[in-house]
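Undergrad: Please model the entire structure based on the sequences and the hints provided.
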Amino acid sequence: DTEVTQTPKHLVMGMTNKKSLKCEQHMGHRAMYWYKQKAKKPPELMFVYSYEKLSINESVPSRFSPECPNSSLLNLHLHALQPEDSALYLCASSHERTGTYEQYFGPGTRLTVT
Amino acid sequence: GESVGLHLPTLSVQEGDNSIINCAYSNSASDYFIWYKQESGKGPQFIIDIRSNMDKRQGQRVTVLLNKTVKHLSLQIAATQPGDSAVYFCAESPLYNQGGKLIFGQGTELSVKP
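Protein chains in written order, with our numbering: chain H, 458 to 571; chain B, 342 to 455.
You can trust all of the hints, since none of them are fake.
Below, computed lysine to any residue pairings styled on SDA-like, alpha-carbon distance capped at 25 Å: (1) B:383 with B:453; (2) H:497 with B:359; (3) H:479 with B:442; (4) H:493 with H:473; (5) H:493 with B:426; (6) H:495 with H:521; (7) B:442 with H:534; (8) B:442 with H:544; (9) H:466 with B:424; (10) H:493 with B:365; (11) H:466 with B:445; (12) H:497 with B:445; (13) H:495 with B:387; (14) H:497 with H:569; (15) B:383 with H:529.
In case anyone wonders, no lab produced these hints; they're calculated from the structure.
TA: Right under this line is the structure:
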């Protein structure tokens, strides 16, 4: 299984809502990532988890809260988002976090904040 | 045809022709490079990677060339097909940096005319 799955595929939420994005992989990867991607732009790294511990936070606002319950799952909790947070949120995983292994991406969650 | 992937230019080629997509990377200390293909509505898909101790690597219909002297990376696609239409991103991983961080280029949109 070389697949990263993400749910939901689409999400519309108001600025006062609380929602969560979910990501799952069963490749035995020990590094997992959240990226944000705006239209016609490259993915921007948000968070890196290595062996279920947060290793990189790219100065992401606290309204985004990541969680790694186990080595296969990665969540992104959303609260009090702004319309400018509307984007495609991508999850990825890799064997290690050394940066010398390919990252496998999921299909993304298309988030719209109203 | 060829293009420089600095700010999402579009490269248009005829089906059956060869395509060359170029990328200038930023960090001379980067030791791992990767090309991704992203189709509309999907996550980035791995195409090919190369380490800094190599200057060429071939896959199926694709070749990556690395010129460390001028910090330049290129992706060559042979006999381009309509299914190759997508945005192509190069990414680099600096050695000894924050582990697992991929730095993406701006991307090039490839359009294949039948």
